[in-house]
Amino acid sequence: MNQEEFAQDLIRALDEGARELDAATITQLRAFRRAAASGTDARHAGRGALAWAQYRPWLPVTLAAGLLLLGWLTYQRPQTPDNGDVDILLLTEGIPPQAFADWSLVKRDYLGQQCLATN
Amino acid sequence: MATSQEIDHFLAEVERRAYKHATFALQDPHEALDVVQNAMLKLVERYSDKPVAELPLLFQRILQNAIHDHFRRAKVRNFWVKLVSPLLDKDDAGGETLESLATAHVVDTPATPENETASRQHLALIEQALAELPPRQREAFLLRYWEELDVAETAKVMGCSQGSVKTHSFRAVNAMAAKLKNKGLKS
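Those sequence lines, one after another, are chains A and B. Be aware that the first sequence starts at 1, since it is given in my numbering, and climbs by one per residue. Be aware that the second sequence starts at 1001, since it is given in my numbering, and climbs by one per residue.
Misleading hints may appear alongside valid ones.
[Claimed, not checked] Calculated cross-link-like contacts (lysine to any residue; reagent style SDA-like; alpha-carbon spacing at most 25 angstroms):
| hint | chain 1 | residue 1 | chain 2 | residue 2 |
| --- | --- | --- | --- | --- |
| 1 | B | K1042 | B | R1061 |
| 2 | B | K1166 | A | Q28 |
| 3 | B | K1183 | A | Q8 |
[What the hints assert, rightly or not] Sample of chain A residues facing chain B (criterion: CB under 7 angstroms; computed from the structure):
| hint | residue |
| --- | --- |
| 4 | N2 |
| 5 | Q3 |
| 6 | A7 |
| 7 | A13 |
| 8 | G17 |
| 9 | A18 |
| 10 | R33 |
| 11 | L70 |
| 12 | W72 |
If you're looking for bench data, these hints aren't it; they were derived computationally from the structure. We treat Cβ as the ideally placed atom computed from N, Cα and C, and that holds for glycine.
Just chain B, with the same shape it has in the complex (with noise of 0.2 angstroms):
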């Protein structure tokens, strides 16, 4: 059973990949932030009886569960505007999947580094890429590589198979790659 101790430990350690993530995802730092508290609040209420070694994976499983519900709920909200005002644009991504809905929202999004810094701009555009990533290859990468879970932890976190989750990943490095050297960064 983990202590409030362990717990605060524990969520220091993620919480700020755990809100970049929801950014990258979301496109939107006051849902991210939303996000990123539900899981918090989640954690504690449903699995603060669990060991420590099992609140990391846990953890990603609530975070991830609280982005698609978004993404859903965001959909479920779409269809009824759109269903109540016919004024609204037809190539509105209402209607489409979860990929197109983020990717749309991206492609509105302006890339607009504040830095003027090459590093900074670096950094954004690094940033501009993983947000335009199709979402499931997106949740790879950051699953596999700046979590650090492994294959079969990234498919129980993802609920899809191991080969998928390689598939996912290898497919988001090389869109990573190909997206930054279109932005003029070399890898």
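So that you can see chain A by itself, here it is in the shape it has in the complex (with noise of 0.2 angstroms):
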């Protein structure tokens, strides 16, 4: 026998004992395998935000932008009457018995006038 049949008896008989691993290992193997494979798609899902974001050099600028506009917008926006104006309101009996059945009348008669005072 030459030495490389015998190196292949050999690979037989390992090949053998391979097969016959106990039933712990071979479960701790095969959970050992899943958890690395699983982590595979996450991995790739990371990589491919990045990679998504890398070829879109504009993607900080825009995002920047539209902070700047949504903080410019939230500034302009005018101020509306608080609750603790309406609170005032209704301490001082500024608010007629009919605004109770239609609130949008204390909001536009009312509140509105005041915020036209304050400004």
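Please assemble the complex out of the two chains, which come individually in their own frames, going by the hints.
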């Protein structure tokens, strides 16, 4: 028997040994394998997102511009009376009884005037 | 880029051999499982974007490195144990080479084939003989014949020249024949 044949005989025996692993070891190996393989998709997804952003150099500029615009719009929005103003009106009896039936009346006629007065 | 199914399929093909390989080298089934698990995780962590065809070589390289790292850690651990424990046996393999570490460990581990059938006894003897080989010879033998890597690929995984791979493989097969003959098995 030459060296190559002898080596192949040994490998056949080793294959046999690998096939006859105990159940607990096989179960553990399977669990390790599945845990490792399940990380693949997450990794690809993460890399995919990075790659997507990498080829869009305009993305950070657009995001920054969007944030600035949002800030400016928020700053420019007319200030509406808060609940404190309504409470004061109620306490000073500045709201007529019918206002409780039509709240928009209070908003338009009373609080609106107050806003104009304060501005 | 390998998908999770492809990775799973690849690992399913190699996991048992990888475990046995690690067991032959480390002589500890629990350590072997740890090493295989780390190798699997590292493969996915670092190389899941590689084509499937490249995975076998990468995995073998990771596995070999993990086994070497284990011996390096053991060597450092043994150094400190020796330093703080003057009562330790002077002949302990702590400060020796990786080869002597592995061989010393094997000598401490008696061959106890659990099954009484002849084929299982033979298998146990073969596995024992393989575990007793010097690490580089065993590595070359398993990579060349069990993992079916060619000489160039084996050299890449082992980080040595192709000539060294041929020498290690040749010596490994001869040593196996001699060991098995001594144990009463004919080659």
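Against the structure, the hints come out as follows:
1. B:K1042 - B:R1061: Given pair K1042 of chain B, R1061 of chain B holds - Cα atoms ~11 angstroms apart, limit 25 angstroms.
2. B:K1166 - A:Q28: violated, 35 angstroms
3. B:K1183 - A:Q8: Holds, at about 19 angstroms.
4. N2: Result: violated, 10 angstroms to nearest chain B Cβ.
5. Q3: Check passed: Cβ of Q3 of chain A comes within 5 angstroms of chain B, closer than 7 angstroms.
6. A7: holds, 5 angstroms
7. A13: Holds, because the Cβ-Cβ distance from A13 of chain A to chain B comes to roughly 5 angstroms (cut-off 7 angstroms).
8. G17: With Cβ-Cβ at 5 angstroms, under 7 angstroms, it holds.
9. A18: holds, 4 angstroms
10. R33: holds, 4 angstroms
11. L70: Constraint on L70 of chain A not satisfied, violated at 36 angstroms.
12. W72: Given a least distance of 42 angstroms, the restraint on W72 of chain A is violated.
Checked against the numbered hints given earlier, the structure breaks hints 2, 4, 11 and 12 and satisfies all the rest.
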